[in-house]
Amino acid sequence: MSDPRVSEARGALAHHFDDLEQQHDAATLGMWVFLVTEIMFFGGLFLGYTVYRWKYPHIFADASRHLDTTIGAVNTAVLLASSLTMALAVHAAQTSRRRALVGLLLATMLLGSVFLGVKAYEYRDKYVHHLVPGVDFVYEPGARPQLQIFFLFYFFMTGMHALHMVIGIGLLGVIAALAWRGRYGADYYNPVEVTGLYWHFVDIVWIFLFPLLYLIGAHL
Amino acid sequence: MSGHIVSPKLYYGIFAALLVLTAATTGAARFDLGPMNVVIALAIAGCKALLVALFFMHVRYSKPLVWVAAASGLLWLAIMLALTLTDYYSREWFPAPRGW
Amino acid sequence: MSTAVTETPAPPLESREHYLNVHYGVKSWLLTTDHKRIALLYLVTITLFFFVGGAFAVLMRLELMTPRGDLVQAETYNKLFTMHGLIMVFFFLIPSIPAVLGNFLVPMMIGARDLAFPKLNLLSWYIFVAGGTLALVSAISGGVDTGWTFYTPYSSTYSNTHVIVMGLGVFIAGFSSILTGLNFIVTIHTMRAPGLTWFRLPLFIWSTYATSLIIILGTPVLAITIVLLALERLLRVGIFDPALGGDPILFQHMFWFYSHPAVYIMILPGMGVISELVTAFSRKRVFGYSFVAFASLAIAVLGFLVWGHHMFVSSQSVYAGLVFSVLSFMVAIPSAVKVFNWTATLYRGSISYQTPMLYAFGFIGLFTLGGLTGLFLASLAIDVHVTDTYFVVAHFHYIMVGGMVMAYLGGIHYWWPKISGRMYPEVWARFSALVIFAGFNLTFFPQFILGYLGMPRRYWAYPEEFQVLNVMSTAGASILGLGYLIPMIYLVWSMRYGRPAPDNPWRATGLEWTTPSPPPTENFDAPPIVTEEAYTYSKEEPELV
Amino acid sequence: MPSEFALFPQRASTIAGSVDALYFFLVGVSLFFTVLIFAMVFGFAIKYRRRSEEELPRPIDGSMRLEVMWTVIPFILTMVMFAWGATLYLRNSRPPDGSLEVYVVGKQWMWKLQHPEGQREINQLHVPVNVPVRLIMTSEDVIHSFFVPAFRIKQDVLPGRYTTQWFQATRPGEYHLFCAEYCGNQHSGMIGTVTVLGAVEYENWLGGGASGESMASTGERLFQQLGCSGCHRSDAAGRGPALEGVFNAPVKLETGETVIADEPYIRESILNPRAKVVVGFRPIMPTFAGQVSEESILQLIAYIKTLARADRSKR
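Chains as they are written, first to last, in the working numbering: chain A, 1 to 220; chain B, 1001 to 1100; chain C, 2001 to 2545; chain D, 3001 to 3315.
Only chain A is shown next, with the shape it has when bound in the complex (with noise of 0.2 Å):
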């Protein structure tokens, strides 16, 4: 274990917790218990989802058809690639490699910004063909009205989970900034941990979220 007088310099004990390995196991826990509360929010929508789902089986799939699978698809990879550059950072971080830890963490904010880019796209043709409920919602004559249902809930839930998206990349970057100033190491790494917690959570509600929307009307 790296001697304390090197973290006491940084700061990294906080008054209150008697030694490092209470404050890391604290810090931890409590994203989890975060993430259980992020578990719960992001369930109401799938809550809703399922129901309707359940009670227009076949108009849920007709609309899912406008939803393009391959964009998807790449989307899914590429947030992928971004959960392993994080994971990789943390791996950096427990190693004290400071120039490969803020390299893997831009990488994953531009990773992030790329399948954000690519969902602006969707959403930008989504609004020229007029499937943007509460905008300008217009169905054609076969369509039934509870198509904007299912719309409402793409925009939602891919909308939530972009809003955490941006709110990942914006801390990602506040702990690339402290990680360039050397404030995290192999004795200190808890922050670089706890981001990758709510990053790698962020990807798994797209993991659910891609099969979910996009692919229910793909064998139609």
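Honestly, the hints are just simulated from the structure, not real lab data. Ideal placement from N, C-alpha and C gives every residue a C-beta, glycine not left out. Some clues are possibly wrong.
Claimed, not checked - Now the in silico label distances, taken between C-beta atoms and shown as ranges:
1) C:G2195 <-> A:G117: 49 to 57 Å
2) C:L2048 <-> D:F3075: 41 to 49 Å
3) C:L2234 <-> B:L1042: 31 to 39 Å
4) A:D136 <-> D:E3257: 26 to 34 Å
5) A:V138 <-> C:K2027: 51 to 59 Å
Claimed, not checked - In silico DSS-like pairs for lysine-lysine, Cα to Cα no more than 30 Å straight-line:
6) D:K3276 <-> A:K126
7) D:K3276 <-> D:K3107
8) A:K55 <-> D:K3305
9) D:K3276 <-> A:K55
10) D:K3252 <-> D:K3305
11) B:K1063 <-> B:K1009
12) D:K3276 <-> D:K3252
13) A:K55 <-> D:K3107
14) D:K3305 <-> D:K3112
15) C:K2539 <-> D:K3047
16) A:K55 <-> A:K119
17) C:K2119 <-> B:K1063
18) D:K3305 <-> D:K3276
19) A:K55 <-> A:K126
20) A:K55 <-> D:K3252
21) C:K2119 <-> C:K2027
22) D:K3107 <-> D:K3305
We have chain A; now place chains B, C and D onto it with these hints.
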């Protein structure tokens, strides 16, 4: 520090598996298997989520408390979904059977 | 940690440094990360909201004295009961014991210097104030008239009041509650003193832990429900709008998924306080410690399975009604176990009648009545007749006002010496406790009768034959309102003129009583080592019953 | 309507007696436990009051026997309460066949009721005594709730859906009708009276009242006016399915499912025709949302119900 250090090689392996699973679920969606489509899609998504959680989020090397936290989150989501769907699912069963 | 501490003469307050006089000035309060100061910030804010909500209640009771609505217009009355419900539920009942007593005591009871995330704790108070300000802004600029339940489609399409501003206020206050819950769970898991195993923890910690679980697992669902409601109002799109094929019942499911466990968020901390009071004032270990502890967890878990009993007549399916009814009966069992264990604790104890114990007696009695009337509402055939009537109003006021507020006042009086370093005036305190008990019963018992008679809730005007019982209820409400003012006065008075309090005025067990009154910022000079079970008052061999 | 002070509601329907019986059982059990707890608490508080400050009673850790006792006994009691309440609820939720049907439309702050014979009433309901009456209810705007305390019945009335409940009055008289689900400003004004008449008085009321044409005949007139008969022809040569004998019969949809053509199905097919298209027909029917009010939909349904009967008699 207590955090377990995972070798990058394992991360790359997990990443490859995730890509394969993504391709699998996209491919599987092409065939019309009726209700099985949903089951397969969710099963694959579940596996991917498990991989990310166990290895990328170090749940596999964390204290049992972290397992309990993650599991309770999913359990409560299941409770919410299951009990709400008992209402929607059983709405057609009315009127009550004649025997009452 | 010997318990029979002799009465050490309390050193003069001013000379000794403690968390209140360590530094002065507004900045020292508004930027503090000391859990005790944050508890006091919460105490002030919550008392403000309690009296705002109470004012709405007084206006409602005055209006209901006469069958025809002649004090306020119908719209105003609808806003009165909505604001009364919202302010009381989200800005008094849910935060009060966890944020005030919990923040102050959790670190001290487990021998820690502070909560796990002190900065998050201060942030949670600021978020609470932000939410509260939004609620007051909504109230001042016209109020909300949808009822505290926001049922759609009225709240999303037909109401033209400030639903979104209030929704935002409740949404933000929800995150303050989440942060407090998160802080407690992490603190209780990772920062217990050496030797303090789970089964040596005071029962207040057990119930606060169970409450935090409910907060963490339930509040986010309310947050997303309010977001969906606000979006539906803003963009005129319809998730819950039947014209689009949406289902207003889905809103009720999502709302009650949180709002029923929320009533356990309100009552569980009260139960924790009562476990402490009954033990301290009969100077005996609580009867069946592990059963009472697990009853708290059982209530937290079962509390999530029962929300459908709010929707028996809402066209929820007959079979879902059966499922929720049987589960609602099961959730009553842990509460019954707790009441029996408290009563058994009194057996062969040395019971004193000091004010906190009077509140505990009141709680046990009124909570029992409240819980039993819950069984009426859980049984399907009776609920069809009494739901949405004053029977339900009486039931939840017996639990909330008769149970939770009594426990809150009991807890405030019990730990007041530790919080302020001063003793409250005993005679006035006992008098106000009796006044509150009498006023409460006169206010809410007639409402049970009104309920079964069929008087619907939220009625601005009602048929003449209900007037006598309503006048009795209004009379009770004025006594109750007066009863609440008295503690407000003498507690503030005691901050300056009260007798300086010894470190352990009740000679109770618990790590918080081993610190001086009021405690220093760091709570403990040296981290305490715990060697005994909780509540060990005497060293004799426990008697086997 | 009793205007003098009462402590217990009137019993005026068949189920009121059994609901009250369960109510008294619950009151009895609650009284028993309340008295038990109060007696024990005050008894112990007085018997074991603190004699001296130095007194330290012997600790008692607890007893498994007692804990099991006061877990199992309340559990058994609650299950008895559940079974009794659930049985009553299930029996009350099933209207007897052949009951008199009354159509209720809740609108912000009034109840509009229609009898099949054609009588229309606002905030008034005249029903014969000892005859089961089935209420088919819907709302035009927000959620209301049809509550008659004297009959111990209550059921929310939702927009976009039909909810039903039934009662059988046992004593002639006038009884309160309340709206029990908050629905806006005049929620407390949305009240009325249910008048139970003897068999003879009911016939006079039926004859004497403003008995215009029956709902079914009004429905038939609307069926022609709105042009439904253009496509829904009895000789099944029209572009829409023939409606003879369709009510409460299974209908096969283009998506492969079969559904029962009950009241909600007909209402949805009028307002949102493409939701459930019958197999073999193109989805060309225009929506009539906005052109037909809730009452006229109920009249159309009443007319379609007569088609079913007539058809069965022909076969």
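Given pair status - B:K1009, B:K1063, alpha carbons within 30 Å: holds, 23 Å
Given hint A:K126 paired with A:K55 - CA-CA distance at most 30 Å: Holds. A:K55 to A:K126 sits at ~24 Å (cutoff 30 Å).
Whether the CB-CB distance between A:V138 and C:K2027 falls inside 51 to 59 Å: This hint holds: roughly 56 Å between Cβ atoms.
Given pair status - D:K3305, D:K3107, alpha carbons within 30 Å: Roughly 25 Å separates the two Cα atoms, so the pair holds.
Hinted pair A:K55 and D:K3107, Cα distance within 30 Å: With a Cα-Cα distance of about 27 Å, the restraint between A:K55 and D:K3107 holds, given a limit of 30 Å.
Pair hint A:K55 and D:K3252, alpha-carbon separation not exceeding 30 Å: holds, 17 Å
Straight-line alpha-carbon gap C:K2119 to C:K2027, limit 30 Å: holds, 15 Å
Outcome of range test on Cβ distance (A:D136, D:E3257; 26 to 34 Å): holds, 33 Å
Cβ distance range 31 to 39 Å for C:L2234 and B:L1042, holds or violated: Since the Cβ atoms of C:L2234 and B:L1042 sit about 32 Å apart, the hinted range of 31 to 39 Å holds.
Pairwise hint evaluation, D:K3047 against C:K2539, where the allowed Cα distance is 30 Å at most: holds, 23 Å
30 Å Cα cutoff - pair D:K3276, D:K3107: This hinted pair holds, its Cα atoms lying about 27 Å apart.
30 Å Cα cutoff - pair D:K3305, D:K3112: Roughly 21 Å separates the two Cα atoms, so the pair holds.
Checked against the numbered hints listed earlier, the structure breaks none of them; every hint is satisfied.
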